[in-house]
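**Student:** Chains as they are written, first to last, in the numbering used here: chain A, 1 to 370; chain B, 1 to 294; chain C, 1 to 316; chain D, 1 to 140; chain E, 1 to 668.
Please keep in mind that the hints were generated in silico from the structure rather than gathered at the bench. A quick note: this is a predicted structure, and the numbers were derived from the prediction, not measured. Incorrect hints may have been included.
Lysine to aspartate or glutamate pairs mimicking DMTMM-like chemistry, simulated, CA-CA at most 20 Å apart [claimed, not checked]:
no. : chain 1 : residue 1 : chain 2 : residue 2
1   : E       : Lys23     : A       : Asp38
2   : A       : Lys120    : A       : Asp137
3   : E       : Lys219    : E       : Glu26
4   : C       : Lys199    : A       : Asp38
5   : C       : Lys188    : D       : Glu94
6   : D       : Lys135    : C       : Glu203
7   : B       : Lys177    : B       : Asp188
Which chain C residues stay away from chain A? Per the calculated CB distances, all over 12 Å, these [what the hints assert, rightly or not]:
no. : residue
8   : His38
9   : Gly41
10  : Lys83
11  : Glu108
12  : Asp124
13  : Ala136
14  : Val166
15  : Pro177
16  : Gln178
17  : Gln227
18  : Glu241
No residue lacks a Cβ here, since even glycine has one placed at the ideal position from N, Cα and C.
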Amino acid sequence: MAQSPVPKATRLVKKAGLGAWLTALAADNNVMAPVTVDGKPLFRWIGAGEVGQLDLAAVHTVNSPKGGVMPQTEPMLTYSAVQDGSGGKTLDIKPAAEDRPAVLFGVRPCDAAAIDLVGKVYLTGEFTDEQYQARRDRTTVVAIACAAPAKACFCTSFDLSPGAVRGADVVLYGRSGPGSVAEGDAYYAIAYTERGEAFLGGAAAKAAGVSDLPAGEADKLEKIVAAFRGLATPLGKKLGKVDVADKLESLFESAYWEKVSSRCLSCATCTFVCPTCYCFGVADTGAGGQGVRFRYWDFCKSPQFMLMAGGHDPRPAKKNRTRQRFLHKLNYHHNRCGEYLCVGCGRCVESCPVGLHLPLVVSDVRGLQP
Amino acid sequence: MSGQSVRYSYYPGCSLHSTAREYNVSVRAVAQAAGVELVEVPDWNCCGATSAHATDPFLAFALPARVLLQAEESGLDILAPCAACYGRLMTAKEEAHRRPDLVARFEKAIGRKLGPAPRILNVLEFLAEPKVTETIAAGLKRPLTDLKVAPYYGCLLVRPSKVTHFDDAERPTSMDKILASVGATPVDFPGKTECCGASLGISRVDLVVELSGRIVQQAKHAGAEAIAVACPLCQTNLDGRQGTAAAKLGEAFGLPIYYITELVALALGVAPGRLGLGKHLTNSLALLRQKKLA
Amino acid sequence: MPKSLALDPKKMKEAEAALRTQAAKLLSEGTVTVFLGHEEGWDGLPVPFFATTPEEAKRLVWNPLVAFNLAKYLLDRLTGEEKVGIVVNGCGSLALDRLLKDRRFPRERLFVVGIPCTGLLDPDKVLALPDEARQAALEGGKAEPGLFLKRCGWCDAPNPVVADVVLGEKVPEEAGPQQYPRVEEIEKMSPAERAAHFKTLYEKCIRCFACRNVCPACSCRECSLDQWEPLWLGKATVPSEQLMYHFIRAFDVAGRCIRCGECERVCSVGVPLMELNDKLMKDITELFGVQRPHVPADVEPLGQWTEGDADLEAAH
Amino acid sequence: MATSQEPVIVGFLCNWCSYAGADSAGTGRMVQPTNVRIIRVPCSGRVNPRFILRAFQRGADGVLVSGCHPNDCHYSTGNFFARRRLLLLKRYLEYLGIEPARFETHWVSASEGQKWAEVVRSMAERVKALGPSPKLPSLL
Amino acid sequence: MKRVGVFLCWCGSNIAGTVDVGKVAEQARRLPGVVHVEENKYTCSEPGQAAIVKAIKDQRLDRVVVASCSPRLHEATFRRTVESAGLNPYFFEMANVREHCSWIHTDKETATPKAFDLVRMAVAKALRNEALTRGSITIEKRALVIGAGIAGIQAALDIADAGHEVILLEREPTIGGRMAQLDKTFPTLDCSQCILTPKMVDAAKHPNITLYTWSELEKVAGYIGNFTVTIRRKARGVDETLCTGCGVCQSKCPVKVPSEFDEGMGMRKAIYSPFPQAVPNRPVMDRANCTFFKTGKCKICERFCEAKAIRFDQEDSLIEVKVGAIVTATGFDLFKVEKYGEYGYGLYPDVINSLQFERLVNASGPTDGKIKKPSDHEIPKSVAFVLCVGSRDEQKGTTYCSRACCMYSIKHAIQFRDKVKDGRAYVFYMDIRTPGKSYEEFYKRAAVDYGVEFIRGRPSKIFSRNGKLVLKAEDTLLGRPIEVEVEMVVLAPAMLARNDAAKIAQTMSISYDGYGFLNEAHPKLRPVETNTAGIFLAGVCQGPKDIPDTVAQASAAASKVIGLLSHEQMATEPMIARVSEALCSGCLWCKPICPYQAIEAKTITEKIQGKVVSREVAAVNSGLCQGCGACTVACRDGAMNISGFTNDQLLAEVDELLGASRPACAAE
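With the sequences and hints as input, model every part of the structure.
**Tutor:** Below, the structure written as structure tokens:
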């Protein structure tokens with residue numbers, strides 16, 4: 001595990017105060033938080049009126065909070081035809097309007113790590129995605145450590161844990177340690193970035209009764225944080241550390257891909273619930289000389305994803321597309337960035353209608369002959 | 001008489017309560033004989049004939065519309081024996097479809113919604129209703145055998161046809177059929193639908209005398225012994241102008257002018273004495289006695 | 001039509017054995033080169049499985065959790081010459097028949113093993129049960145009606161309608177008009193309430209297209225909703241497009257939906273998709289007298305007309 | 001967008017009867033409200049219910065399909081197919097929360113300019129009474 | 001990038017009076033793809049079209065939008081214009097801002113934005129217009145003429161003389177139609193029969209003409225150049241090939257019923273030829289009145305028929321013919337004058353209608369040409385002719401003028417004065433209309449030479465007085481009421497469309513107006529064509545007219561047919577269904593929907609993932625497809641499309657209308 005992150009500020013927030021905090025935040029920020037709609041836990045933008053639906057019980061929302069920094073559909077620019085001086089016309093192009101600052105609240109450590117992980121794709125190297133950068137710059141990530149990891153959780157198969165800090169500005173740790181947080185109980189709110197520090201010192205936090213740590217609790221805090229970080233994950237235990245990057249180098253042509261992909265439905269469930277999938281497409285919509293250019297999540301499992309004008313498709317079959325998705329996560333990205341493109345959230349395990357997911361592939365690959 | 005009683009809303013209008021009381025009597029007598037109940041429209045008002053409809057389009061609509069509204073509650077078909085009343089009610093019914101502006105103004109003025117208008121019957125339609133025809137078919141007490149009667153329809157029962165949708169406006173036959181059904185001999189004559197002069201009787205007596213006189217003359221030349229009418233004003237003009245007309249046209253007439261309901265009532269056995277035939281100006285009892293009908 | 005649902009795990013066990021034998025025989029004799037069935041997946045739930053050798057056929061399972069309709073996988077094998085074996089229960093055979101009627105797979109390249117069905121359980125619900133209750137349901141057949149797949153509640157075709165061989169005895173069928181209580185409830189709402197209802201529940205859609213991809217009535221080579229010209233469906237995931245996606249798709253399968261409910265089952269965010277399909281099927285029955293097509297007619301309900309169809313103009 | 005202006009009704013008219021009927025109304029100078037925008041199609045049977053859904057999606061306040069009278073179709077049976085599809089669609093739209101008056105189907109022949117004008121007048125009135133059609137959030 | 005030119009027509013003040021064309025132009029300049037916007041006073045005029053051609057060349061336009069009148073009027077015109085400039089004609093698109101906008105609106109404030117909407121939609125569609133090529137089909141070189149009155153006979157003879165086969169269909173027992181009932185024709189007073197019967201004989205004997213009398217149109221399928229027509233040959237009761245036309249059967253038949261041909265003025269038998277010169281000279285059996293069919297006994301005709309041609313057991317038969325063109329000449333009915341109760345028709349026997357008068361005055365008619373009163377067979381000394389009975393009367397009849405009644409009533413008056421030297425003839429009229437060569441002179445002659453008395457006034461009533469008929473009217477020239485006593489009254493009824501005109505029109509898929517008259521494609525420029533290609537009109541079925549006009553129209557229709565049949569092949573509209581084979585899944589649910597059986601399965605081979613595979617897709621027979629588009633809706637793949645009305649184009653129109661820029665013009 002990497003070196004322990006250094007707290008910049010530590011506060012205490014009562015569970016009962018969370019609502020007030022979110023309400024206060026919603027006044028000046030776009031707030032995204034887990035809520036339950038018709039029985040399904042979802043990460044959603046919520047208004048002040050929806051704070052009551054906050055639901056921190058489920059470890060996994062169906063979707064991840066990645067939409068908070070990579071909206072599924074995001075306007076990039078607007079255009080309109082206007083008359084120029086000489087009776088002709090010209091295009092008036094305006095960048096998309098900037099959103100308000102955003103707070104992603106109640107993010108699980110795996111999802112927070114995913115934001116950082118994906119950020120490397122967008123923000124490092126030759127090109128910087130300015131729109132993504134701007135969005136990240138105005139986003140505060142408030143994570144919450146997992147008191148009881150779910151059956152499909154395997155963040156520990158990577159350099160993460162139910163109490164990990166990566167990607168988060170603030171992490172909330174249940175004051176009584178792993179296990180459920182009772183009513184009347186409280187969270188330690190620990191800022192690990194300057195942004196987080198400012199956040200905990202902000203007006204909204206004050207309004208919510210975020211207080212200083214009672215004297216003498218520092219020791220207890222340290223133990224509890226360590227407990228969270230030492231927590232095992234059920235699937236992680238079964239899977240162990242993911243270690244297949246090198247082996248996959250030689251398995252591109254393996255018959256395995258044909259076999260494992262045959263039951264794939266070619267739907268986007270795995271991609272869209274995955275916190276680390278980041279591919280997008282660009283499209284225009286408009287009429288009469290006005291319109292919007294926007295990007296939207298695309299998915300490599302789609303038969304249209306690589307289809308080129310003229311009909312050629314470099315990945316014509318499910319085999320090619322399935323291989324692409326898993327090699328990207330387990331090999332290509334690892335080669336480029338030195339880490340897997342997966343944080344072990346387990347959503348693909350839970351959501352794939354046909355049980356075709358990353359842990360399965362990892363475990364299958366281990367058994368394959370190179 | 002078979003079956004249970006049938007009910008109609010009854011709109012007598014001003015004439016049947018005043019100058020044409022005997023018309024009222026005979027309509028009710030026929031109704032009674034046929035086992036039909038006539039329920040007078042509560043708090044009815046003037047139909048707007050002549051004065052209102054000639055001067056104020058809104059009032060011309062509003063007056064009959066209110067009558068329809070008053071009748072609405074009973075849910076019954078309306079019988080309007082006076083041809084002018086019938087014409088005004090039918091016009092209002094037609095305008096209610098065509099003129100939402102009038103309806104809106106009316107509803108605002110009266111504070112109530114105007115529902116769909118009921119069926120409006122003139123007296124000839126009433127006499128062709130199943131209850132009445134059944135009664136006639138069941139047996140006449142006093143068939144009007146040998147009585148040659150010219151049916152005179154006047155103008156308002158059949159015109160304008162797009163409002164009344166009743167009979168052939170130029171060659172109506174409904175009254176002919178009723179007369180035949182009670183045993184009389186209908187006499188076809190050219191004056192059937194000519195104008196009697198109507199309310200010009202007050203301002204242009206000379207015209208009315210000529211118009212009414214010619215109608216009576218044509219009926220007589222066609223062999224009629226009497227004329228049947230279905231309108232109070234027609235009755236008044238044809239009946240009351242015969243003397244003056246005789247002088248003008250150089251020919252005496254003496255043709256009794258009966259309301260069609262009087263003849264039907266007689267045939268159904270109502271005693272002539274009950275019908276107020278004495279109110280007519282041209283002797284209408286003599287002919288009946290001569291034919292042994294009274 | 002509330003049905004009396006009774007699981008028979010013993011029968012299923014017998015069927016499973018017969019299925020393995022049958023599939024192994026078909027594969028070894030070369031009648032088929034692949035056999036479409038289920039095997040036990042990572043977490044114990046059956047997943048679709050394609051056996052290519054008699055050896056692999058031993059991995060085939062048949063238990064109360066084999067909810068997944070296999071027919072759609074035939075499309076992946078459309079271009080070959082190979083003969084394909086497939087196992088179906090009642091609803092699986094309806095899906096198969098749908099594809100056959102849509103001419104999406106040649107019947108002569110198919111060998112269909114049918115198994116009469118005594119009901120299936122909802123895998124998600126079973127998985128969430130405590131161990132003992134799960135055991136009781138799966139092995140003892142003791143399952144609350146709520147544990148069954150929704151479609152079992154309205155199933156009137158437990159026996160395969162297409163099969164080359166049937167394993168096990170026919171199950172008695174309960175015929176009767178289909179009931180649509182959920183639709184009726186929505187019909188009682190005001191237009192504004194209905195609009196709000198669909199907005200709330202349908203804007204959750206994440207446009208993963210799992211519902212379409214699993215639907216046996218959706219078998220186009222390239223879905224028109226994926227096409228760019230014309231752009232039937234905008235790419236933006238905004239409520240207006242999310243709802244339109246489902247509204248269009250439901251109308252496209254109107255009269256062709258087999259009421260298997262797989263679209264709703266595979267939806268990860270829980271969009272109640274059958275509310276649309278059922279409404280259309282209910283109206284098609286009411287308006288045109290066409291029942292849920294067990295064996296789809298040679299002409300679709302919307303591909304025909306009669307002089308007696310209600311006059312639209314008068315409907316206003 | 002639609003709130004500040006007159007409601008817009010999209011009309012899909014078959015080329016042979018209703019489009020010609022609307023022409024007749026024009027030739028006869030039969031004054032109508034300006035709400036209807038006509039899209040010419042060969043036959044009412046050409047009208048894909050998706051077009052109608054699309055129009056409502058994009059904020060149409062009403063949609064009107066008009067074709068030849070039953071049995072009078074230029075292509076003999078197109079309007080019968082249309083009738084069935086659109087009948088189902090009408091109930092479907094209602095179910096989806098679109099007020100019934102926003103979608104109408106009429107049969108107007110080439111000679112029925114008067115009827116066309118009346119259809120336009122009455123539908124425009126009904127749609128106006130309903131107010132603007134609710135539009136779901138979109139990028140535009 | 002496409003280059004669209006938009007041409008906004010003022011149509012004089014027709015459009016510009018209600019639409020601010022300049023403002024629309026200014027807005028249109030902003031539309032995507034639009035590189036040229038131009039206003040014209042009259043775009044369809046020579047200079048207007050020249051401007052389009054010039055702009056296409058100068059501005060390198062590849063799409064043209066004209067905002068003017070209805071495409072039903074000028075789409076073809078502008079397509080030719082665009083084509084003449086070297087552009088594919090289907091790159092043209094039209095916005096109907098006249099019939100659908102300026103003519104139906106009064107407020108410039110709202111009409112202008114609407115016009116702009118229509119232009120936007122047309123531009124959006126035009127951007128998606130594709131180059132289309134016309135196909136060709138073989139033409140069946142045979143024509144069908146429906147109705148063998150003078151119009152049908154004339155058309156049939158003209159077409160046959162040009163060397164094409166003609167099938168002449170007539171539902172009555174004989175050809176000849178209304179004209180055969182007439183005595184003399186105005187204004188020349190030549191004998192109707194004398195000029196008609198030779199033509200009837202010509203038609204019967206012409207080697208290119210096949211005559212089917214006592215036959216009706218059952219069904220028309222197909223399209224221009226390739227119609228398949230089903231004809232019902234009604235059971236005649238007589239074997240036409242054996243019958244010699246000797247007439248013994250009719251002379252022996254014991255049954256007498258009023259003759260339709262004589263308009264009830266004379267009698268005929270239950271087996272009969274309507275008149276002696278009937279063509280073909282073969283009787284028909286009237287089963288409704290035949291004693292044998294009523295009672296099972298009689299058969300006198302059979303007994304006397306030497307040719308053994310009587311067939312009691314004959315049944316209707318259906319025959320199918322293939323033709324390339326159809327002329328509809330189905331004629332007219334007369335207004336039922338009974339509807340004028342005040343005129344006493346039916347009550348007074350001596351009130352008759354004009355056609356009855358024709359029969360009375362006709363030398364071969366029931367009275368041998370003597371004008372006799374039906375009541376007492378005496379010669380009337382005075383006759384009143386009443387015009388406009390049913391014509392020009394919105395209350396009881398029709399709004400239109402029947403066009404021929406003035407002239408034939410004048411003719412009747414002259415004929416009466418000619419035959420009854422001391423008689424008096426009165427004509428009651430509203431207006432005397434004589435718009436024809438030598439017509440006004442004819443009218444003058446009636447008044448001056450024949451002393452016909454013309455009274456301007458419409459009788460309000462006809463009644464009987466002292467055995468005479470009295471016409472009550474207002475003489476509107478004198479301004480006073482009059483009464484005229486006559487012995488006979490002749491009512492001139494309006495000419496009406498056949499009572500089954502709508503059915504005929506539906507059978508042929510052509511349109512008809514509110515009166516039931518069949519519609520021409522354009523009232524001025526395409527007067528004998530219908531909106532269904534290959535079907536033409538002649539005679540009164542299209543609208544009231546007299547014999548000269550009818551014959552002229554018949555020849556015009558014939559010349560159109562001759563022109564069509566002179567080609568071996570003809571170009572077909574390319575706006576028909578087409579399949580994207582790449583998208584087609586081959587479900588073929590489109591097939592049962594096609595009304596023309598134009599869709600079949602077709603096997604294609606293609607490479608899929610490197611493998612050559614064959615699969616079935618739908619294929620459209622371009623000769624059969626008519627472009628209705630019903631199949632497109634059944635196609636979920638989006639593989640089926642109609643060229644010119646593609647899904648893409650129609651959606652573009654919807655999107656453009658309702659999209660972002662909707663308020664662009666209105667907002668200002």
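**Student:** None of the hints should be skipped; say for each whether it holds.
**Tutor:** How the hints compare with the structure:
1. E:Lys23 x A:Asp38: This hinted pair is violated, its Cα atoms lying about 52 Å apart.
2. A:Lys120 x A:Asp137: Judged against 20 Å, a Cα distance of about 14 Å means the pair holds.
3. E:Lys219 x E:Glu26: 53 Å, violated
4. C:Lys199 x A:Asp38: Distance ~12 Å between Lys199 of chain C and Asp38 of chain A Cα, so the pair holds.
5. C:Lys188 x D:Glu94: Measuring from Cα to Cα gives roughly 11 Å; hence the hint holds.
6. D:Lys135 x C:Glu203: 13 Å, holds
7. B:Lys177 x B:Asp188: Since the Cα atoms of Lys177 of chain B and Asp188 of chain B sit roughly 11 Å apart, the hinted pair holds (cutoff 20 Å).
8. His38: 10 Å, violated
9. Gly41: At about 4 Å from chain A, Gly41 of chain C fails to clear the 12 Å cut-off, so the statement is violated.
10. Lys83: Nearest chain A Cβ is 17 Å from Lys83 of chain C, so the label holds.
11. Glu108: Holds, because the least Cβ-Cβ distance between Glu108 of chain C and chain A comes to about 22 Å, which exceeds 12 Å.
12. Asp124: It is violated; Asp124 of chain C is separated from chain A by about 9 Å at its closest Cβ, not greater than 12 Å.
13. Ala136: 21 Å, holds
14. Val166: Correct as stated: the minimum Cβ-Cβ distance to chain A is 25 Å, above 12 Å.
15. Pro177: Non-interface label on Pro177 of chain C holds, nearest chain A Cβ at 29 Å vs cutoff 12 Å.
16. Gln178: 24 Å, holds
17. Gln227: Gln227 of chain C is in fact no farther than 12 Å from some Cβ atom of chain A, at 9 Å.
18. Glu241: Glu241 of chain C is in fact no farther than 12 Å from some Cβ atom of chain A, at 9 Å.
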